[in-house]
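All chains, full assembly: derive it from the sequences and hints.
These protein sequence lines are chains V and Z, in that order.
Sequential numbering from 1 applies to the first sequence in my numbering.
Sequential numbering from 1 applies to the second sequence in my numbering.
Because the hints were derived from the structure by calculation, they are not lab data.
A quick note: this is a predicted structure, and the numbers were derived from the prediction, not measured.
Cβ atoms here follow ideal geometry from the backbone N, Cα and C, with glycine treated the same way.
There may be inaccurate statements among the hints.
[What the hints assert, rightly or not] Derived pair list, reagent style DSBU-like, types lysine-lysine, alpha-carbon separation capped at 30 Å: (1) V:Lys-169 <-> Z:Lys-121; (2) V:Lys-134 <-> V:Lys-183; (3) Z:Lys-121 <-> V:Lys-122; (4) V:Lys-77 <-> V:Lys-18; (5) V:Lys-18 <-> V:Lys-183; (6) V:Lys-170 <-> Z:Lys-121; (7) V:Lys-170 <-> V:Lys-41; (8) V:Lys-148 <-> V:Lys-161; (9) V:Lys-44 <-> V:Lys-148.
[As the list claims (entries may be wrong)] Cβ-Cβ distance ranges computed for the label pairs, FRET-style: (10) Z:Gln-96 <-> V:Asn-57: 21 to 31 Å; (11) Z:Trp-98 <-> V:Asp-152: 45 to 55 Å; (12) Z:Leu-141 <-> V:Asn-60: 44 to 54 Å; (13) V:Lys-44 <-> Z:Phe-109: 23 to 33 Å; (14) Z:Trp-98 <-> V:Lys-183: 21 to 31 Å; (15) V:Phe-4 <-> Z:Leu-25: 16 to 26 Å; (16) V:Thr-127 <-> Z:Ala-134: 41 to 51 Å; (17) Z:Leu-141 <-> V:Thr-19: 42 to 52 Å; (18) V:Val-23 <-> Z:Phe-149: 40 to 50 Å; (19) V:Val-23 <-> Z:Phe-147: 39 to 49 Å; (20) Z:Phe-149 <-> V:Ser-16: 29 to 39 Å; (21) Z:Arg-100 <-> V:Lys-183: 18 to 28 Å.
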Amino acid sequence: MILFVVLIGVGFSLLSNKTNSKVSIPSTVSASDGYGIVLNKDAKVKVDLWEDFQCPNCRNFEAVAGGYLNDLARAGKIRITFHPMTFIGPESILAAAAVACAVDSGKFLEMHMALYESQPAKENSGTWTNAALKVIAAAAGDSSSATKSCIDSGKYVNWTKNVEADAAKKNVNSTPTMFINGKQLDQTHYLNLAALKADFVALGVK
Amino acid sequence: MKKIMGLQPWVTLFARLLLGVVLLLAGYLKAQSPSKAQMAVRAYRLLPVSIANLFGLVLPWLEIGAGILLIVGIAVRYSSLFGGALMLLFVGAISQAWVRGLSIDCGCFGGGGEVAAGQTKYLQEVLRDLGLTATAIFLYLYPHGKFGFDKAHLEGVQSE
Chain V
1 MILFVVLIGV GFSLLSNKTN SKVSIPSTVS ASDGYGIVLN KDAKVKVDLW EDFQCPNCRN
61 FEAVAGGYLN DLARAGKIRI TFHPMTFIGP ESILAAAAVA CAVDSGKFLE MHMALYESQP
121 AKENSGTWTN AALKVIAAAA GDSSSATKSC IDSGKYVNWT KNVEADAAKK NVNSTPTMFI
181 NGKQLDQTHY LNLAALKADF VALGVK
Chain Z
1 MKKIMGLQPW VTLFARLLLG VVLLLAGYLK AQSPSKAQMA VRAYRLLPVS IANLFGLVLP
61 WLEIGAGILL IVGIAVRYSS LFGGALMLLF VGAISQAWVR GLSIDCGCFG GGGEVAAGQT
121 KYLQEVLRDL GLTATAIFLY LYPHGKFGFD KAHLEGVQSE
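Right, dumping it as structure tokens:
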């Protein structure tokens, strides 16, 4: 009996944590990029960022380096892939699914920024509901009905599992984790904008 | 002496509930967030990534299973042996992280992964797991207690 319960549980966990290639994915996402959201896919310097919208360190990182990275991304100077992880819980899943909706409407960076600006003080406190996320999207300049129905229908909820499964394969054990051209960013450079800029300048990104 | 031995079934019951509830709770909290449990195992940097991820999914259910057996009092000897081995494994894993200077949360009750350098709690984690190991050893030696399904005549015979 007990063995049965254990086996059922293990089986269920295994199935629910597997990558599912049939889920809906946002327009700039592909399996070869670990299901991450890619901006400027042809730029030479490659940046990968693993984050969770509920993670306080990610918010701090965004506050320090977000503006700079967004400028580089908008200017097309870096190929940046965002991997929104969801291990902190249900509200991370809703936030990640909502930011994926903003990809389709071309407001990804705006929504990305707006989510950190409105990060609740406590994790999974019931603050980030789909209704709240639609308000945040509207405040970020995305009040299209497509985005609203995308958030409401949970269109990209299952996609977040694929991102999470890929991060597990790539041994990402904390957030934020950033790789520049496949090399992990020095631990002390996350909250040190001058050092981060120097890393990019060294690679010819000015 | 006889009077002290008379307490043994009650101590066994207490030990069963202690180890059982801890295992059940730890398993339940981990099973709530499998991706976090996987991250916790990976952060020990002991196992190859794919095996660590598998272990992170399987471990919570093993804990739940062993916890239920101990609470109900079925196959106490085997489940305490399993629970004790698990605790020793945890002590070893946490200690190696400590010695290697990793900064991780043990992820014992959910959570886990890398933490800031000053936020580790290795000493208390190791002491707690050593205490639970001692509890398991007691249960292995004295598996028959109050309100358990195991009976003395089943000694050495697996009852499930």
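For each hint, the structure was consulted:
About 27 Å separates the Cα atoms of V:Lys-169 and Z:Lys-121, which keeps this hinted pair within 30 Å; it holds. A hinted pair counts as satisfied when its Cα atoms are at most 30 Å apart, and V:Lys-134 with V:Lys-183 does not qualify at roughly 36 Å. With a C-alpha separation of about 22 Å, the suggested pair Z:Lys-121 and V:Lys-122 falls inside the 30 Å cut-off, and the hint holds. Straight-line distance between C-alpha atoms of V:Lys-77 and V:Lys-18 comes to about 34 Å, which puts the hinted pair past the 30 Å bound.
Only pairs whose Cα atoms come within 30 Å are accepted, and V:Lys-18 paired with V:Lys-183 is accepted, the gap being roughly 26 Å. Among the hinted pairs, V:Lys-170 with Z:Lys-121 is consistent with the structure: their alpha-carbon atoms are about 26 Å apart, no more than 30 Å. With a CA separation close to 20 Å, the supplied pair V:Lys-170 and V:Lys-41 stays within the 30 Å bound. Straight-line distance between C-alpha atoms of V:Lys-148 and V:Lys-161 comes to about 21 Å, which keeps the hinted pair within the 30 Å bound.
As the CA atoms of V:Lys-44 and V:Lys-148 are separated by approximately 34 Å, the hinted pair breaks the 30 Å bound. Between Z:Gln-96 and V:Asn-57 the C-beta distance comes to about 25 Å, which sits within the given range of 21 to 31 Å. Distance hint check for Z:Trp-98 and V:Asp-152: the Cβ-Cβ separation is about 48 Å, which falls inside the suggested range of 45 to 55 Å. Z:Leu-141 and V:Asn-60 have their C-beta atoms about 51 Å apart, which keeps the hinted 44 to 54 Å range intact.
Evaluation of the 23 to 33 Å hint for V:Lys-44 and Z:Phe-109 yields a failure: the beta carbon distance comes to about 45 Å. With their beta carbons about 28 Å apart, Z:Trp-98 and V:Lys-183 fall inside the hinted range of 21 to 31 Å. Between V:Phe-4 and Z:Leu-25 the Cβ separation comes to about 21 Å, which falls inside the hinted range of 16 to 26 Å. In this structure the hint that V:Thr-127 and Z:Ala-134 lie 41 to 51 Å apart at CB holds, the actual value being about 43 Å.
The hinted window of 42 to 52 Å between Z:Leu-141 and V:Thr-19 holds, with their beta carbons roughly 47 Å apart. Checking the proposed 40 to 50 Å range against V:Val-23 and Z:Phe-149 shows it holds: the Cβ atoms sit about 45 Å from each other. Separation of V:Val-23 from Z:Phe-147 is about 48 Å and conforms to the stated range, judged on CB atoms against 39 to 49 Å. Checked against the given bound of 29 to 39 Å, the beta carbons of Z:Phe-149 and V:Ser-16, roughly 33 Å apart, stay inside it.
A beta carbon spacing of about 22 Å between Z:Arg-100 and V:Lys-183 agrees with the range 18 to 28 Å that was offered as a hint.
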